[in-house]
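Colleague: Listed here are the chains, written in short residue letters.
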Amino acid sequence: MTIICRCEDVSEEEIMKAIEEGCRTLDELKHRLRLGMGPCQGRTCLPLAARILARETGQTMADVQMQTSRPPAVPVALGLLAGDSRD
Amino acid sequence: MIERADVAIVGGGINGCALAYELSRRGAEVAVVERRSLTSGATGRCGAGVRQQWSARENVTLAMQSVEIFEQLSQDLGADIGFRQGGYLIAVHDEEDLRQAEKNVAMQRSLGLEVDILSPHEVTEIVPILDVEGMRAIGATFCPTDGHADPFKTTYAYAEAARRQGAHFYRFTTVTDILTDQGSVTGVRTDRGDLSVPVVVNAAGAWSKQIAAMAGVEVPNVPYKKEIIVTERMARVFDAMVISFRDGIYFSQQDEGQVLGGIPPPETVTGYHLEPTFSFLQHMAATLARYAPVLSHINVIRQWTGFYDVTPDARPILGPVEGLEGFIQCHGFSGHGFMLAPMVARLLADLIVDGAGSPILESLNLARFEDMDIEQEHSVVG
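So the sequences go chain by chain: U and Z.
Mapping the first sequence onto my numbering, position 8 (from 1) lands on 8, and the numbers just tick up by one.
My numbering runs 87 ahead of the 1-based position in the second sequence.
Incorrect hints may appear among the rest.
Coverage of chain Z stretches by chain U, computed from C-beta distances (three or more under 8 Å per stretch; other residues unrestricted) [what the hints assert, rightly or not]: (1) 119–126; (2) 192–199.
Between beta-carbon pairs, the in silico distance windows are [as the list claims (entries may be wrong)]: (3) U/A73 with Z/D264: 40 to 46 Å; (4) U/I3 with Z/P446: 51 to 57 Å; (5) Z/D278 with U/A62: 33 to 39 Å; (6) Z/D218 with U/G58: 38 to 44 Å; (7) Z/D203 with U/Q65: 45 to 51 Å; (8) Z/G270 with U/R55: 36 to 42 Å; (9) U/R6 with Z/G270: 42 to 48 Å; (10) U/P75 with Z/Q297: 47 to 53 Å; (11) U/E20 with Z/G270: 43 to 49 Å; (12) U/M66 with Z/E189: 50 to 56 Å; (13) U/I3 with Z/G442: 41 to 47 Å.
Only part of the chain U face toward chain Z is listed, based on derived beta-carbon distances under 8 Å [unchecked claim]: (14) E13; (15) D27; (16) P71; (17) P72; (18) A73; (19) L78; (20) A82.
No wet-lab data here; the hints were simulated from the structure.
Don't be surprised by glycine CBs; every beta carbon is placed ideally from N, CA and C.
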């Protein structure tokens with residue numbers, strides 16, 4: 001078994017099965033499998049998953065729409081973000 | 088795409104998918120048309136709380152009926168929807184709050200809801216990481232049967248069950264027009280062809296206003312940008328959703344261990360804008376750290392945004408409209424679409440298939456905005 005998403009423990013087999021069941025985008029794989037939802041926010045797994053999706057659905061890598069990147073760029077402690085503000 | 092069906096549902100969020108399930112269960116042939124993927128709008132971005140503590144009687148009734156369905160839903164749909172009843176703990180900040188809480192609790196109990204007013208000590212017994220002083224609270228109300236479910240699992244479970252009952256799903260398909268003839272709906276036009284139907288349900292969330300406009304119907308909804316954060320996972324430390332109407336904050340610990348929550352952004356933004364803001368992130372972090380100081384050490388891993396589809400009284404718009412036969416509204420949930428969906432789907436399916444109306448549907452009809460007799464729901468967060 002090949003692990004693709006290390007944060008959420010998603011294997012290549014699970015991704016292939018989800019594609020077989022109809023998933024057509026990385027967002028749909030995320031909805032079904034939590035792919036890319038862990039601490040690394042898909043920085044490791046998404047390029048790999050995109051490659052599998054392209055291969056299995058006959059798309060090119062350029063056709064595969066990447067998931068939206070959102071802040072923070074790296075995990076940041078809540079207390080640090082709270083800073084000195086007194087809300 | 089099929090050529091004709093009994094009902095077309097515009098929107099593949101929780102409400103569209105739940106309704107597809109309830110309609111197909113009653114034997115109707117249903118087609119769901121969704122512009123992107125299922126759950127891609129508010130459903131897949133929401134806090135997914137399920138709350139019965141409301142200030143408006145009708146909302147309590149509707150939410151209690153929804154919870155009853157949620158309790159059976161994994162079994163009914165044949166898939167785990169992640170429904171967990173850890174309760175909702177609602178902060179009471181001062182004497183004025185307390186008087187409103189006492190009024191709400193009395194009304195809620197009269198409807199059979201199990202709900203209590205807690206002392207500061209009882210608050211920390213239920214959620215040990217809370218700093219009651221930091222919350223500037225004097226107590227809380229608590230309903231142990233409130234909870235949350237997984238919005239992806241729930242929506243996909245509804246959709247899969249609907250599909251098994253014969254419902255058709257068209258994702259990545261855009262509705263471009265609602266077809267009408269002499270005051271009746273006749274179909275929907277999409278970028279993949281036309282579909283003939285006598286009934287169209289507008290369940291397009293924040294985009295419902297645009298779908299209604301295609302049919303020449305004006306609705307008063309306004310999309311509000313809402314923001315939310317999630318932390319890394321940690322060991323389970325609390326089960327309840329914590330909310331405050333004064334601060335507008337809500338947060339809970341999800342099944343996998345992450346803490347997820349939101350608060351109204353410092354700058355109110357209406358319209359179709361989805362950019363996350365640093366001012367929200369800072370405000371959310373500061374408020375959450377004040378409520379639960381121990382969380383200061385936990386890492387935030389993502390912030391994102393979504394829409395509340397807000398009506399003038401913060402209650403949904405459901406049912407038929409004057410002057411256009413077969414055009415059914417199912418939107419305007421104002422941030423509460425996920426938790427109400429199971430019951431709303433049953434009410435609308437009964438209406439569409441059997442013509443069965445109900446007082447609750449009548450009170451939530453679009454026509455209410457024509458007169459002044461509006462019961463405003465005050466218990467809104469996020």
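Colleague: State the violated hints by number, sorted upward, taking the hints as numbered earlier in the document.
Modeller: 2, 5, 6, 8, 9, 10, 13, 14, 18
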